[in-house]
Amino acid sequence: MAELVFFSGTMDCGKSTLALQMDHNHAARGRGGLVFTRFDRSGQAVVSSRLGLRRTALEVDDGTDLWAEVGLQRTRGARVDYLVCDEAQFYSAAQVEQLARVVDELDVDVFAFGITTDFRTRLFPGSQRLLELADRVQVLQVEALCWCGARATHNARTRDGVMVVEGEQVVVGDVDGGGSGEPEIGYEVLCRRHHRRGHTAAVASVAAMSPDVLPFG
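Residue numbers (the working numbering): 2 to 218.
Simulated from the structure, these hints should not be mistaken for laboratory data.
Treat the hints with care, as some may be off.
[Said to hold, decoys possible] Now the in silico label distances, taken between C-beta atoms and shown as ranges:
hint, residue 1, residue 2, range
1, Val165, Gln22, 31 to 41 angstroms
2, Glu144, Leu124, 18 to 28 angstroms
3, Ala203, Arg121, 13 to 23 angstroms
4, Arg80, Asp136, 28 to 38 angstroms
5, Glu4, Gly162, 24 to 34 angstroms
6, Gly162, Met2, 21 to 31 angstroms
7, Ala69, Ala208, 46 to 56 angstroms
8, Glu167, Gly31, 43 to 53 angstroms
The beta carbon of each residue, even a glycine, is placed where N, CA and C say it ideally should be.
Could you put the whole structure together from the sequences, leaning on the hints where they help?
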């Protein structure tokens with residue numbers, strides 16, 4: 002029977018790499034599939050990993066009906082045995098329900114990849130619905146590390162290297178190194194201790210050069 006599987010983890014734990022590997026493995030066995038993404042770091046309609054791997058994809062937006070999209074592809078003659086859904090935390094709860102319907106009524110496997118919580122440690126709506134509906138939730142085993150070397154468990158948003166705790170839930174970070182004169186928005190993974198304290202790698206670096214070193218341990 003087909004399954005809805007949610008692969009979750011923090012940033013930098015290899016979710017997009019695994020999504021691309023999953024697509025490759027299934028396609029190599031003669032299965033047909035569709036790859037979806039939303040707000041990928043490299044732009045629209047592409048799944049990209051930090052290792053440099055990338056693949057064209059179908060871009061999900063607020064109006065995308067994933068159930069209808071699968072039906073449309075099949076009426077056009079495409080074989081659809083599975084879906085790979087990257088950046089699934091950005092999907093709406095309704096779109097996750099559409100994925101569950103695809104599994105149950107069309108017997109199509111759905112492999113969703115995403116982080117569970119935002120920079121405020123609050124669940125994304127898409128991730129919350131996946132946790133509620135998925136047949137299996139699989140936490141990725143590749144551990145991202147905080148700057149201190151401990152296991153990273155939280156995603157932090159930074160502005161010019163300083164952690165921020167207010168703002169819109171979804172803001173795509175800079176991927177070109179900034180240079181526009183505007184504050185550079187980025188993301189960083191931290192252990193819970195340093196997320197609670199707001200101690201990013203940049204803050205720790207500045208403190209290490211200060212004559213009055215703060216107790217970051």
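Status of the hints after comparison with the structure:
1. Val165 <-> Gln22: 31 to 41 angstroms: Holds, since Val165 and Gln22 (Cβ atoms, about 33 angstroms apart) stay within the stated range.
2. Glu144 <-> Leu124: 18 to 28 angstroms: holds (21 angstroms)
3. Ala203 <-> Arg121: 13 to 23 angstroms: This hint holds: roughly 20 angstroms between Cβ atoms.
4. Arg80 <-> Asp136: 28 to 38 angstroms: 22 angstroms Cβ-Cβ, so the 28 to 38 angstroms window is violated.
5. Glu4 <-> Gly162: 24 to 34 angstroms: For Glu4 and Gly162 the Cβ distance comes to about 41 angstroms; the hint is violated.
6. Gly162 <-> Met2: 21 to 31 angstroms: 48 angstroms Cβ-Cβ, so the 21 to 31 angstroms window is violated.
7. Ala69 <-> Ala208: 46 to 56 angstroms: holds (53 angstroms)
8. Glu167 <-> Gly31: 43 to 53 angstroms: Roughly 49 angstroms apart at Cβ, these two residues keep to the hinted range, so it holds.
Of the hints listed earlier, those the structure fails to meet are numbers 4, 5, 6, in rising order.
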